[in-house]
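Protein chains: 2
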Amino acid sequence: MSVKIIEGSITSPKGFQAAGLRAGIKPGKTNKDMALLVSTVPCALAGVFTKNLAKAAPVKWDMSVVRDHGTAQAVVVNTGIANAGTGKVGEENTRRTAEKVAAELELRPEQVLVMSTGVIGAQLPMDVIENGVTMLHQALSFEEQAGHDMAEAILTTDTHPKEIVVEYELGGKTVTMAGICKGSGMIHPNMGTMLSVITTDAMISRELIQKALSEYVEDTFNMVSVDGDTSTNDTVVVMANGLAENPLLQNEQDNSEDYASFKEALLTVMTYLAKSIAADGEGATRLLEVIVNHAKDRETAKILAKSIATSNLTKAAVYGMDANWGRILCAMGYSGAQFDPEQVDIQISSAEGTVTLAENGIAAAYDEEYATKILSPDKVQIIADVHQGDTSATAWGCDLTYDYVKINADYRS
Amino acid sequence: MSVKIIEGSITSPKGFQAAGLRAGIKPGKTNKDMALLVSTVPCALAGVFTKNLAKAAPVKWDMSVVRDHGTAQAVVVNTGIANAGTGKVGEENTRRTAEKVAAELELRPEQVLVMSTGVIGAQLPMDVIENGVTMLHQALSFEEQAGHDMAEAILTTDTHPKEIVVEYELGGKTVTMAGICKGSGMIHPNMGTMLSVITTDAMISRELIQKALSEYVEDTFNMVSVDGDTSTNDTVVVMANGLAENPLLQNEQDNSEDYASFKEALLTVMTYLAKSIAADGEGATRLLEVIVNHAKDRETAKILAKSIATSNLTKAAVYGMDANWGRILCAMGYSGAQFDPEQVDIQISSAEGTVTLAENGIAAAYDEEYATKILSPDKVQIIADVHQGDTSATAWGCDLTYDYVKINADYRS
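Residue numbers (the numbering used here), protein chains in the order written: chain Z, 1 to 413; chain P, 1 to 413.
Hints listed in this document are in silico derivations from the structure and should not be mistaken for laboratory results.
Incorrect hints may have been included.
Computed Cβ-Cβ distance ranges for the label pairs, DEER-style [claimed, not checked]: (1) P:377 x Z:390: 36 to 44 Å; (2) Z:214 x P:95: 46 to 54 Å; (3) P:95 x Z:299: 45 to 53 Å; (4) Z:267 x P:403: 37 to 45 Å; (5) Z:69 x P:63: 52 to 60 Å; (6) Z:359 x P:95: 36 to 44 Å; (7) Z:253 x P:336: 33 to 41 Å; (8) Z:110 x P:211: 37 to 45 Å; (9) P:254 x Z:296: 43 to 51 Å; (10) P:336 x Z:360: 41 to 49 Å; (11) P:87 x Z:71: 41 to 49 Å.
The beta-carbon is built from N, C-alpha and C at its ideal position, and this holds for glycine as well.
Please build the complete structure, drawing on both the sequences and the hints.
See below:
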């Protein structure tokens, strides 16, 4: 069982076409702002959505598609406007968007997923959207570049596209899985709109996809500086069209080894995308990976890791390359998780080396200059050992910078 | 029953002396860094302390004084070093500090409260501390200025002292109550070290003080952009020495009217100090007051108000004077509180006027330029009406600015 990362794009799995282009949702800009993904045949579908009470209209639509139909054939995405806080008009606009795509592609509207991201509270310009769908239909292509165009078109304040493609074997057949996503202000748990689409040509039941997706969302996207808080629009979907012609994976018992391979591929894709979001947090200059070891149980490890990765003071210290371990201990202390502060060891690590900052909850002897050097690369780790058990967890975040404030002080202008 | 704000300082209640001066805890600086408060007679004592598991040594000391003795006569404070994450040596240093004060003042160590704030993980320079105590003893004074010196000496990154004095009647006697506090990076819930000392010459039992203090901490300090998270050092104590000679307030039933007066005075002092901390948050340019109206119960109102006041994105928008109400609705949506997003109205208000940004969860017709003008003064309000009941709550925060990042990226340097 081995999963290999390969070149490609969201169109690499068999039977997926994509397009990404500028429809012109926000006047005066030049970015690509709409994307379309289409499978030649219907896909088994699984999804995980925001827990925010104030769900965006497209989230409500997609949730009902997943729940009521469990299959889909297309995804249309727009940026610029989130279509959240838009009431009945917003719901009608989501339906009209799906209907327009369905009309173009000769599908039923219920086979079309809709994703939106951007400003909350504004209504979609439906003439621009509908015209954009027509253009996207004309631009649809199985080429790798079309997938890259889509990955680019779904971005907002992200600085680069986030894409991964993997290949593995299922029942003697080569299966491909590809993922794209967008992040944004994920530096604080509360606001990042995260959209992710994962395609695969595996033949697998929606139930098995949903099971793996739901499990891994907790270990990947939800460990990106989040504590269960989610934006109005967060959406992850997996679409499997079966064109790899592997023997159908329908239940765990009969296909335990193949399902394990599928899960490994999915975890590889989701982990890569989650880390990409953290590294490209708004204004971020470095990726922060927080590892908590020897917690008494998994939940404790996760709470501690997320609390450290979410702490503004820890993030600001990482930006300043200041090995201020007291803030790390403090973030653990207020997390709500049970541990003994007087048994905690704290290390930092990077390509520059590793150093122990605290042992048994008090300062270790270390050189501040060396610690600053360790915090200088664009990927740094904080490792906390609580010496209470044998479970670990990893969370990802980024540093808190001037640019974060700048981006968010005038996001709408 | 009327509580009047008057001129004065922490020494205004009868029988309290204070001093504040530079002992030299951090070399190369010039700020006052130690303070001492002494009552001529023992005080009834109540306290509320951080819930952080990683409690600082002085917090553990003070908690045991409150729990085991319920009385105290002096408070010694140092800034620069928090004496948290310092293990057994830290606990010994707290005890030595109390012993030094006790020796100077001919008290028992258990009559001396110790408070520390500053960097976590460093040990106190005990020669500097002990010499500082001697100097403080020599400087002790009943003068108003001595109280101002103390209020100044407990600050860290605060930009100005936070003091209030009130006067009211108890059983025909004029009673005075005074409070000082320091805030700091309270812009995010997780790190602000908050120290507050409230003195009064009222004659009242420790049980009644503790009851009122515990109740009002929830409505004041804990509504300053906090969600139950607290630093390693957070401490509020009330010391009542009885020198106003009012009839002793010993139980609620027999003294309902007088106890109400005491509570009104305490709430006035604590509310003022809490708002002062929010307004002087690290790097802040304006005070943000968040009011949630018509919630179905008090807990719901508080969770919603705190979630808005804590949201980095909302705070950054306030800094940019951007009436981005979608972020407000989003912060309500992920708060965990139950409400209907489609029934929410959102207003902003200030000395420049009031405008409705959203009605029934969707955008109202408003002028962006006027909204920006409303967000420009140094005190602004966000008012959310959820139309579900008849309870309200208020939380306080501040905007998120470049300077917040600057201060916290190199706090230790």
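Quick rundown of the hints versus the structure:
1. P:377 x Z:390: 36 to 44 Å: Because 55 Å falls outside the window, the suggested range is violated.
2. Z:214 x P:95: 46 to 54 Å: holds, 52 Å
3. P:95 x Z:299: 45 to 53 Å: Cβ of residue 95 (chain P) to Cβ of residue 299 (chain Z): about 37 Å, so the range 45 to 53 Å is violated.
4. Z:267 x P:403: 37 to 45 Å: holds, 41 Å
5. Z:69 x P:63: 52 to 60 Å: holds, 58 Å
6. Z:359 x P:95: 36 to 44 Å: violated, 23 Å
7. Z:253 x P:336: 33 to 41 Å: holds, 37 Å
8. Z:110 x P:211: 37 to 45 Å: Violated - the Cβ-Cβ distance for residue 110 (chain Z) and residue 211 (chain P), about 59 Å, lies outside 37 to 45 Å.
9. P:254 x Z:296: 43 to 51 Å: Holds, since residue 254 (chain P) and residue 296 (chain Z) (Cβ atoms, about 50 Å apart) stay within the stated range.
10. P:336 x Z:360: 41 to 49 Å: Check failed, 35 Å falls outside 41 to 49 Å.
11. P:87 x Z:71: 41 to 49 Å: violated, 60 Å
Violated hints, listed in ascending order, are 1, 3, 6, 8, 10, 11; each of the other numbered hints is respected by the structure.
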